[in-house]
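Residue numbers (my numbering), protein chains in the order written: chain A, 30 to 402; chain B, 30 to 402.
The set of hints was computed from the structure by calculation and includes no laboratory data.
Glycine included, each C-beta is placed from N, C-alpha and C at the ideal position.
A portion of the hints provided could be inaccurate.
[As the list claims (entries may be wrong)] Beta-carbon label-pair distances, calculated as ranges: (1) B:D285 / A:P88: 41 to 51 Å; (2) A:E229 / B:D396: 19 to 29 Å; (3) A:P88 / B:D287: 35 to 45 Å; (4) A:E318 / B:H234: 47 to 57 Å; (5) B:T53 / A:P88: 30 to 40 Å; (6) A:Y308 / B:D358: 41 to 51 Å; (7) B:P313 / A:E318: 24 to 34 Å; (8) B:D68 / A:K206: 55 to 65 Å.
Number of protein chains: 2
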Amino acid sequence: MSQRVDFLFLNEQDMIDAGVMNTTQCINKMEEVFKLLSDKDYRMGGKLGNSHGMVVNFPDVPEHENMPKNGPDRRFCAMPAYLGGKYRVAGCKWYGSNIENKEKGLPRSILMMTLNDADTGAPLAYMSANLLSAWRTGAIPGVGVRYLAKKDAKVVSTIGAGAIGTSSLFAILDELKTVEVVKIYDVYQKSSEVLKEKIESEFKHVDVQIVNSEQELVEGSDVISIATAGNVSPEIKSEWIKKSALFVTSGSATFDPDFAVKNIQFVVDNWQMYEEVKYEDEYPYNNKEMGVVGRLLLDWIHEEKMTTEHIKEIGDIINKKVNARENEDDIVVFALGGQPVYDVAWAYTVYQNALENNIGTKLNLWDVAYQVR
Amino acid sequence: MSQRVDFLFLNEQDMIDAGVMNTTQCINKMEEVFKLLSDKDYRMGGKLGNSHGMVVNFPDVPEHENMPKNGPDRRFCAMPAYLGGKYRVAGCKWYGSNIENKEKGLPRSILMMTLNDADTGAPLAYMSANLLSAWRTGAIPGVGVRYLAKKDAKVVSTIGAGAIGTSSLFAILDELKTVEVVKIYDVYQKSSEVLKEKIESEFKHVDVQIVNSEQELVEGSDVISIATAGNVSPEIKSEWIKKSALFVTSGSATFDPDFAVKNIQFVVDNWQMYEEVKYEDEYPYNNKEMGVVGRLLLDWIHEEKMTTEHIKEIGDIINKKVNARENEDDIVVFALGGQPVYDVAWAYTVYQNALENNIGTKLNLWDVAYQVR
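Chain A extracted, bound-state conformation (with noise of 0.2 Å):
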C-alpha cells in the first residue's frame, strides 16, 4: 500500500479517445445501474439517500451588484454518489450551467467528474464530463426503449436537438433497428439541421425531417424523446398522441392529468428522488429552476390528481417484477431526472477504457502527504 497518490486527467479528447461515445456499451451500463437500484446496493445524499444532488442557485433579483442573476438553467450542481456492484467506486459530478455560454461558443453547462477510491477517499480520476453525462443521459432512454417500445417502432421523434437531444436520439436509433422516420423539432432551427447531419451521417437508412410544431412532431411518432433545456416546457396535447406511444422525457413538457391517470403509465427512474425533493424544495416543485415531468408527477399528487401507484420504477421492470403496460394501447411517459449514479458506473467504465489504452495525462497529488509525515 503506497502513501503516494496519483490520479489520471482526462480532458474531452482523452474521454473521446477511451470511448465515452460507445452508445451500445452505455446503454449496456446503465441497464446494469438499474439492477443495482433495484437491489439498493448503492448510496446517494439527501435525506433519504436518494438525492439528485446539491444545487447552489441565484435571486431572481440580487441584492448585491455582483452577484449572478438566476436565468434559465443557471446554476450549480454537485453530484455526489457510491456504486455498488463490480463497481465498488466512489465520485462526484460538479457543473456549472449557464444558457449564455452558447454565446461564448461554450457548451451550456461545463462537467467535471471525479472518480475516487470507496474506501481511502483518493482520487482515482478527474474527467471532463459533457460527454460522459450527455452520453450517459441519453443512453437512459435507450434502457427506456429497450424495455418500454413497441417493438415495430417506425416513426422516432425528439423536441430538442441539443446535447441531450442529440445523445438521447443516438441510443435509441442503436437500440431501435425498426426505425424509418426520425422527425426533429428545436426552437433553433440550427440545431435542428445540426442533429440532422448526424443522424443522416451515422443512420443512413432513415428519412430525417425537421419538423415547424410539437403537434406534427408527436402526431404519428411511436417514441418521442423530449430533451428540451432551460425553462422550455411543450405542452402535450392528449389527442397528438399515437396509441401505445412511448415518451422518454429528460426535459420539462407537461400532460392533462385527466387524460394521463387513465391512458398514461408513468415510468421513473427512481420515485425516492423525487420524494426526497420534498426536503429540497418548495410546491410547486415543478417549477422554472428545475423542471422535469417527475416534478409533474410530485405537484400532481401534492394536488390530489393521482396518486403514487400510477408510478412504475424502471429497475422493476427490468427485474420484471411488473409490466409497463397495463393494456396494449397505454402510452407510457418514461420519466427521467438524472441520477449520480449514472455518472460513476459510465466514468468507471471510461477510466478503466483509458488505463487499458494508456490514455490521458498522470498526476501526482503528492508523495506522502504533509500532514502524515
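With chain A held as given, fit chain B onto it using these hints.
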C-alpha cells in the same frame, strides 16, 4: 472570449509553494468571509441556501457484501458554494474520509477543491485541498480569538492534535502574542509529541506541556481549542472551566446544559447552517456520524433546554451589532461547523498566488468543446 478552456492543477507541494500555510493571511481572509456572510453576499446549497454540504455515508450493517461499512468519520462529502465580494467565484470541495487511512500512511480525509468561473462554470483550478481545508479550519479559531478571547490570555490548550488541532493552534498562537503556556491532550500520545515539536520549533517562547486528561487540560486555560475527530466527544465539566475562558470547537464536545444556559455565551459561524440540518438529518442531530457543538445546541433547543436567543453569530460581533460577553466573567463557546464559502475564499487566494508566481500545471480541457462545434 475564447472557446478554449484551460485550468490549473495544484498538487499539495504547489499549494504549499503558493502559500496555503500562510496563517495570518488566512485569518484575514476568513474575517472577510464572515463579513460577506453577514451581508448575505454568498450562495450555498440546501433548502435554506445554507447547507454545509451533501454527505454520502454508509450503513452500520450493509446488506451487500462489498459495500463499505459505517465507521468513525466514514463518509464522502460535496461542499459547493458561491462567494461574492471581490471573490465572485464558485467552487466545490469534495472529499472522502476514513479513519483507517492512518494505517495506510494516508490522511484521514483526502480532499480536492475545484474553483469555477461564476458565469461560465468553467474550472479555473483543481487543487489538493488537505492543507487548504486544515488551514481555513484553523484560521477560523484565529478569527474567534481575535474577537472573543480575553486580551491577556496566557494559557492556550488543545484537545486533539491532528490536522485541525495543529492548524487551529498555529492560528491561535499567531493571533495571541501573550501566550506563555500551551497544553496538549490527544488519545494518541504520538500525535501530541509531533505537535509539541512543531509548536516548539515555531513559537520558541512558549512552554509546551503534554497533559494526561481533559480535566488537567481545561483547568486554568484561557483558550481551549477542541479539535476532536471520529466519534470522540469530551465531556467538559463545569467546575473545570476558568472564568472568561474561550472554547473554540471544531470537533465534538458536551457541556452541562443547565450550567451553559446561565454561564456560557454561544457564538456560531452561521446559525442557518444548523437550521438546515433539520431538513438533512433526524433528531438527535448531534450524533456519531456528525458531532459538533452547533448540532448539540440544535438538540438542546429540540429538548427545550435552551432557545436561539442564547446564540450569536460571529459576523454580527465583528460588525459590532452585538457583544460577545454580557458579563466580564462569561464563558464563550465559539462553535464551528465548517462551510464551503471558507474553502472558496482560501482556494481563490491561493490560486491567485499560484498564477502570480507561475506555480502549478496548466491543463487543457478542450480547444473547442465537442458539442458546440
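Hint check results:
1. B:D285 / A:P88: 41 to 51 Å: Holds, since D285 of chain B and P88 of chain A (Cβ atoms, about 42 Å apart) stay within the stated range.
2. A:E229 / B:D396: 19 to 29 Å: holds, 26 Å
3. A:P88 / B:D287: 35 to 45 Å: Since P88 of chain A and D287 of chain B have Cβ atoms about 42 Å apart, the given range 35 to 45 Å holds.
4. A:E318 / B:H234: 47 to 57 Å: At roughly 56 Å between Cβ atoms, H234 of chain B and E318 of chain A fall inside 47 to 57 Å, so the hint holds.
5. B:T53 / A:P88: 30 to 40 Å: Since T53 of chain B and P88 of chain A have Cβ atoms about 34 Å apart, the given range 30 to 40 Å holds.
6. A:Y308 / B:D358: 41 to 51 Å: Between Y308 of chain A and D358 of chain B, where Cβ atoms are some 42 Å apart, the hint holds.
7. B:P313 / A:E318: 24 to 34 Å: holds, 33 Å
8. B:D68 / A:K206: 55 to 65 Å: holds, 60 Å
Violated hints: none; the structure is consistent with every hint.
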